[in-house]
Structure formats: C-alpha cells, structure tokens
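Q: Here is what each chain is made of, one letter per residue.
2 protein chains.
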Amino acid sequence: MSNVSSLSSSRAASAGRAKGQQTKAAIVDAALQLAAQIGLEGLSIGLIAESLKMSKSGVFAHFGSREELQISVVREYHTRFEQEVFFTALQAERGLPRVRALFDNWMKRSTIEIDSGCIYIGGAVEFDDRPGPVRDELSHSVHTWLGAMQRAIDIAIEEGHLRPDTDSAQMGFEIHALILALHYEARFLRNPAALQRAQLAFEGIVQRYQALPGHSARPNVRSDARKTSTRSSA
Amino acid sequence: MSNVSSLSSSRAASAGRAKGQQTKAAIVDAALQLAAQIGLEGLSIGLIAESLKMSKSGVFAHFGSREELQISVVREYHTRFEQEVFFTALQAERGLPRVRALFDNWMKRSTIEIDSGCIYIGGAVEFDDRPGPVRDELSHSVHTWLGAMQRAIDIAIEEGHLRPDTDSAQMGFEIHALILALHYEARFLRNPAALQRAQLAFEGIVQRYQALPGHSARPNVRSDARKTSTRSSA
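Residue numbers (this note's numbering), protein chains in the order written: chain A, 1 to 234; chain B, 1 to 234.
In short, the hints are calculated from the structure, not lab data. For every residue, glycine included, the Cβ atom is placed at its ideal position computed from N, Cα and C. Each hint should be verified, as a subset may be incorrect.
[Said to hold, decoys possible] Chain A stretches covered by chain B per the calculated footprint, using a threshold of three residues with CB under 8 Å from any CB of chain B:
hint: 1; segment: 124-137
hint: 2; segment: 170-176
hint: 3; segment: 201-213
Pulled out of the complex, with its shape left as it was, chain A reads as follows:
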C-alpha cells in the first residue's frame, strides 16, 4: 500500500514538474519574442507577466531575477540559432559545401530577423559596455557560433577546397562582416539590394580563398569516406 501511494505521489510530482517546465518554456518564449523587438534591456518581469496574462509572482517563481530571465533568453536564442543554422548545415558535404550551407542558413535567419531584430546584434550594442553575466552569456554564445564557422572553414582547407594558406579566422571575420552589413543595410537603411550584395560578396571571398583546380593541398576525396575530425591532419 505504501508502494502504491508513493508511486501516485511521485507521478503527481512528475506531472507538476512537467507543467512547471512548460510554463517556464512559455515564459522564455514570450521573453524571447519581446527581447527581439525591444531589446534584452527592455525586458522586465512585469512586462512578461502582462504579455502572458500571469501574475508577476507567477513569473518570479520561475525566474528569481530579471538577469536570470535575460540569460535564459540568450540560451534559448542560441539553441534555436544552433538548430536552424548549424545542425541543418551538417547535412551538406564536409568542406566548402558545408561552409556555404552555414552561410546560407545564417543569411536566411538574418533575413527573417530584418523584421524582428537580432539578439546577437542588438544585444552587443546593449551590453558592449556593461560587464556582467548577461554580457558573458551573450559573448560566449557568439564566440561558440563563430568558432563553429571557423572549424567548418578549417575542414574545407583540409579537404583541399580552400587554399592551404587560408587563414580561417580571417575568412570567418570577413563572412561575419557580411552578415552584420546585411542586417544593418536591410534593417536600418532599408537597402533592398542588401541580400544580393551579401551573396555576391560571399562569392568574392570564396573565390579569393578557393584552391585552384590542380593546386589543391591534397586530393579532393569524397568527404563521407573520411572521419569527421575538425583537426587538420597536416
């Protein structure tokens, strides 16, 4: 009998936790949408409570402070970004095709964000001179993503798709620049050609670093026949 009652109370506790997690996710989702429009700094527990028709204390039960909420928003943004931009690009072949897929996905996401705003770009302006855990989380997320892009470039060098003397950090910087310009020119200057300009510029960068046929560092073997290490085997 004690077994049955403990089982049922454990089920109730588990259902309660699941409901709690759902509410928490709904709060983060609402906060993320708000932050994209009004900025991370514009977020407040009161505003989120209002948008979800919850009490302030109800929101507080899940996030002890505004800062904790802001950090959760940055993490959720990062998770979605990773899903849309990074993981879907892994379907492309290793090397230059994957670098292209990463850039294409990044541009797609930026194009959507021309209307909604971008946490990484807006957040950088909000927090560039405000040290603290929100800035750290934001900066960590951006570094993680730029690092993933750089590794993809390193693989393209390994595969012989890009010249062996390609500086992957340099190429990564140049690609990042195009996304920043796309966002600025399309969203702020309302330049209708911004997307096309970013695409053309990307092709220019690829051409500059691309290995000439016959000048590859190594034979251009089929990528799926090789192991997926990001380290150069040179």
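Position chain B against the provided structure of chain A, taking the given hints into account.
A: Coordinates of chain B only, in the frame set by chain A:
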C-alpha cells in the same frame, strides 16, 4: 545719442546671441558624449542639465523637446565625422589613394569609438524599428556618408585604378561591412586582432577590384591635373 544707444543695445543683443550659441553648443557637446555611452534613447533633458549643472528650464530654452536635442546630436556627430573622415581624406590623391584614406580615417575613428560607442551603429539598433524624425536624420547621415564613399570609388574607376566593371555600390557595401565587423568584434567580442583583420580584408577587396597594370580602362594620369568631377567621362 539714439545711434549710440541702438549700437550698444545691438552689441548687447549680439553678445547675448553669441552667449546663447555657446551654451547651445555646450549642451550638444555634453549630449553627444552621453549619447555615445548610453545611446540616443537614453538622453533626457534632465540628465543633460545635471551633467552641465544647469537647470532643466535652461536646457529647455535651447531645445524645446528631447527629440529636437537628439536630432541636434545626430547632426553634430555627422559634422565631426565628416570633418575627421571625409575632409581630411581629400588631401589624398584622387582615385584609389583617396579611397584608402577614407577607409583609414573611418577605421581610425572606429578604433576610438571602440571605447566610446558609435552613434551610427548604436543608433541604428535603437531606431531601426522606430520611425520618426530622429531615425530619418540618422539614416540620412549614414546614407550621405556611404554615398561619399561610393563617389570616391567611382572616381577610382574613372582614374583607371579600379577595374572598369567594378560595381561601386557593391565595393562600398563590402567596405562598410568591415567597419561594422571591426566595431562588433573589437568592442563586443574584445577581439584584439579585429583591426588587423579589417585591414587585411580591405586589401583583399582592393586586390579583387584593382585594375591590373596594362589593363586599365584609361591611362593613369596624374589626378591633380584633372578636374574634380565625380561623374564618369566614359
């Protein structure tokens, strides 16, 4: 006697006007410094009054509204930007040397603004989805500057320094991207190599568009021997 008194009252009025203009300039200067740190949206008449140890009504006498003050700040920023970046570059020879000088000056200014913040970049994030006269002024200023950069590129094409098929708007977009990346990576990501990356990338862009010796559209004549029209004579 009436002449003397009218002269003296006109002198007094003129001295009053001069004093008024000085005060107005001091207000704009303080507001510009504040805006670089906390953003245009953070500006308030009260904050400026406090920083200048003036009364709020004293500030109000010069700027009827916060919006008017924000617009004056954007104009003052533009004037200083033009002075530092544009006018000093006119000393460089027409063509590619002047494009280089414009980029160098722009980078120099951006490097200073790594500490203080940039009104054009920060303001874009603050006002990208807020239509109104402040956004219009900001967007107008940025368009004016990017237009001047594009004209300098057009002249470099005319001079035969850049390939005749160079798309000056495209090259301008790519250069603008580098400044945005320099600002983002140096100020937010604290990437110590950002300046060098931007310089290297600029050289890459120039190489891509540069006319090969002997492939110039026209003989590379001494620039100071030619009139300074920005229109192509082709």
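Q: Now look at each hint and say whether the structure bears it out.
A: Verification of the hints:
1. Coverage of the segment 124-137 of chain A by chain B holds. Counting CB-CB distances below 8 Å, 6 residues qualify, and the rule asks for three or more.
2. Check result for the segment 170-176 of chain A against chain B: holds, 4 residues qualifying (beta carbon to beta carbon below 8 Å, three or more required).
3. Restraint check on the segment 201-213 of chain A versus chain B: 5 residues with Cβ-Cβ distances below 8 Å, three needed, restraint holds.
Checked against the numbered hints given earlier, the structure satisfies every one of them.
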